[in-house]
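Colleague: Spelled out from the first residue to the last, the chains are:
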Amino acid sequence: MNKTKIVDHLFRHQYGKMVAILTRIFGLSNLELVEDAVQDTFIKAVEQWKINMPENPEAWLTKAAKNRAIDLLRKIKADESRHLNVTTPIAAIAMNNLFLDNEIEDSQLRMIFTACHPVLNPKDQIAFALKTVAGFSLKEIAAALLLKDETVKKRLSRARKTIKDQSISFAIPDQKNAAERIDKVHEVLYLIFNEGFHSTKTSLLIQKELCGEAIRLISLILKRESLRTGEGYALFALFCLHSSRLETKLLDDGTLVDLKNQDRSIWHKPLINLGNNALQEAMKYKGLSSFHFEAAIAAEHTNAETFESTDWRRILKFHQLLHDKHPTDYSIMNQAIVLIQLDKPEEAKKLLDGIQPEALEKRAYLYYGILAEYYIKMEQKENAINALLTSFNKVTNLAEKKYIENKIALLSQ
Amino acid sequence: MKDFMLIFLGTNYFDMGLSPEELQNKLNSWFEWQQKMEEEGVVKGGHALKPEVRHITGKKRTVTDMASAELKEVVGGYYIVSARDLEHASEIAQGYPDYDIGGTCEVREIMVYNQ
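Respectively, the protein sequence lines represent chains L and E. For the first sequence, this note's numbering gives the first residue as 1, with consecutive numbering after it. For the second sequence, this note's numbering gives the first residue as 1, with consecutive numbering after it.
Just so you know, these hints were derived from the structure itself, not from any lab. There may be inaccurate statements among the hints.
Unchecked claim - Within a straight-line C-alpha distance of at most 25 Å, the following computed DSS-like cross-link-like pairs (lysine-lysine) qualify:
{"hint": "1", "chain 1": "L", "residue 1": "Lys349", "chain 2": "L", "residue 2": "Lys407"}
{"hint": "2", "chain 1": "L", "residue 1": "Lys362", "chain 2": "L", "residue 2": "Lys402"}
{"hint": "3", "chain 1": "L", "residue 1": "Lys164", "chain 2": "L", "residue 2": "Lys184"}
{"hint": "4", "chain 1": "E", "residue 1": "Lys50", "chain 2": "L", "residue 2": "Lys44"}
{"hint": "5", "chain 1": "L", "residue 1": "Lys148", "chain 2": "L", "residue 2": "Lys394"}
{"hint": "6", "chain 1": "L", "residue 1": "Lys139", "chain 2": "L", "residue 2": "Lys208"}
{"hint": "7", "chain 1": "E", "residue 1": "Lys50", "chain 2": "L", "residue 2": "Lys63"}
{"hint": "8", "chain 1": "L", "residue 1": "Lys362", "chain 2": "L", "residue 2": "Lys350"}
{"hint": "9", "chain 1": "E", "residue 1": "Lys44", "chain 2": "L", "residue 2": "Lys44"}
{"hint": "10", "chain 1": "L", "residue 1": "Lys208", "chain 2": "L", "residue 2": "Lys223"}
{"hint": "11", "chain 1": "L", "residue 1": "Lys407", "chain 2": "L", "residue 2": "Lys381"}
{"hint": "12", "chain 1": "L", "residue 1": "Lys286", "chain 2": "L", "residue 2": "Lys325"}
{"hint": "13", "chain 1": "L", "residue 1": "Lys44", "chain 2": "E", "residue 2": "Lys36"}
{"hint": "14", "chain 1": "L", "residue 1": "Lys154", "chain 2": "L", "residue 2": "Lys139"}
{"hint": "15", "chain 1": "L", "residue 1": "Lys66", "chain 2": "E", "residue 2": "Lys50"}
{"hint": "16", "chain 1": "L", "residue 1": "Lys362", "chain 2": "L", "residue 2": "Lys394"}
{"hint": "17", "chain 1": "L", "residue 1": "Lys75", "chain 2": "E", "residue 2": "Lys50"}
{"hint": "18", "chain 1": "L", "residue 1": "Lys153", "chain 2": "L", "residue 2": "Lys123"}
Because the structure is a prediction, the values reported are computed rather than measured.
Let's have the full structure, built from the sequences with the hints guiding it.
Modeller: Written out as structure tokens, the structure reads:
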């Protein structure tokens, strides 16, 4: 009996590949049929492999997918009375070609561009991308995005309907439309990554999966010369640099650790190197995007040996540039944090005074957390505790609540 | 040592809404079990069965074709293991990975006629 070890996430990644290839053959209008067929293939694989593992699982799956395609072709032909829309009756040879590596990547890129198509509702884009490109199940998407199963179901079917109604073509955009469409892809990948990196409600496992998928998808984009941009490299850099400290940020028991107290010795060096290199690559292109500045800030942190040796001046400059590019209350708050580190609490306070915390809605607790830092710097303990209490009352997330609680306890000693 | 048949009953992975990742995890548990049995040198062979089922029953030998998904309990596969006694074989059967999704593992000693 064979002991071939299955590579991590083989099934999930194969799922995305197979769905993309079969969609290329049968068209987006048959997407549901395709997804069911691929799911079927995996179940068959498990049923068979559980006792007799094939020599080469990946080749087995590819072969199964090909057979599936032929089955489907027959089925669709038989159902022609139901007016299923087969875009092209592809001959066996042409179909075989679609299973070659570069063609698989091509199909996957088409799927990414479909998922990130501007006519789709932004909320639906992420769910749809996770399903069709990354092979997440409904339940897994619900867990990752903190949504109800029902909501995910609705979003997925709305996305499918829009794709059908608007007859979106399963294609990589041409030169003329490429720039705008790539921006949209970057935006969706950025959101997927943030769902992973900034969410503290989900498990570390789910966080890693989401961050990993975002990295994998941006890599696919960057592999294609015509789709390479400075923004793309900057985004890849940002993902790598952030991911390098994911495991020190959230501990297994759900404890949140701030940047100052993270164990820098276990930050993942290979990812930091990848990030640094990608950032250099990003600088070779014309123009600087907000991703460039975000990546540059992340690099300052990951490249600092200790928290104390962080180059806060440079970070402040990047935050200001980021704000010029894309002004938000968050970047103002980030500047305030840096000014406090730079022993300029009065300037920080000025910035904070310009913000209406109510306008931040669910993130208002962050504002009060920073305000507390200001008071701590000014040695106004009581004010600091009061600000932390306000923050505590506004935050809903348990890990963050615990973090604030610990801070209050320390101050009250 | 005697031979025992471990018969897997009742589960098929269709209609369970398992994700590709979950399916792969399921598969990994099967491999782990198999590996454990091989290390202990107890496993002698086994097969998985395809889900298509043909039933032939009655004097008239009535033939019914069905998919295993339509059946409540269906044999999905078996292992033949070598064990000291039923207790030992049942111990081996603890590793069967589908208890959590309603699967049953039936342990039966293979009859041997001496001489």
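Colleague: With reference to the structure, classify each hint as holding or not holding.
Modeller: Checked hints:
no.: 1; hint: Lys349(L) - Lys407(L); verdict: 20 Å, holds
no.: 2; hint: Lys362(L) - Lys402(L); verdict: 17 Å, holds
no.: 3; hint: Lys164(L) - Lys184(L); verdict: 20 Å, holds
no.: 4; hint: Lys50(E) - Lys44(L); verdict: 9 Å, holds
no.: 5; hint: Lys148(L) - Lys394(L); verdict: 23 Å, holds
no.: 6; hint: Lys139(L) - Lys208(L); verdict: 17 Å, holds
no.: 7; hint: Lys50(E) - Lys63(L); verdict: 18 Å, holds
no.: 8; hint: Lys362(L) - Lys350(L); verdict: 22 Å, holds
no.: 9; hint: Lys44(E) - Lys44(L); verdict: 24 Å, holds
no.: 10; hint: Lys208(L) - Lys223(L); verdict: 22 Å, holds
no.: 11; hint: Lys407(L) - Lys381(L); verdict: 12 Å, holds
no.: 12; hint: Lys286(L) - Lys325(L); verdict: 15 Å, holds
no.: 13; hint: Lys44(L) - Lys36(E); verdict: 24 Å, holds
no.: 14; hint: Lys154(L) - Lys139(L); verdict: 13 Å, holds
no.: 15; hint: Lys66(L) - Lys50(E); verdict: 19 Å, holds
no.: 16; hint: Lys362(L) - Lys394(L); verdict: 7 Å, holds
no.: 17; hint: Lys75(L) - Lys50(E); verdict: 21 Å, holds
no.: 18; hint: Lys153(L) - Lys123(L); verdict: 12 Å, holds
Every hint from the earlier list agrees with this structure, and none is contradicted.
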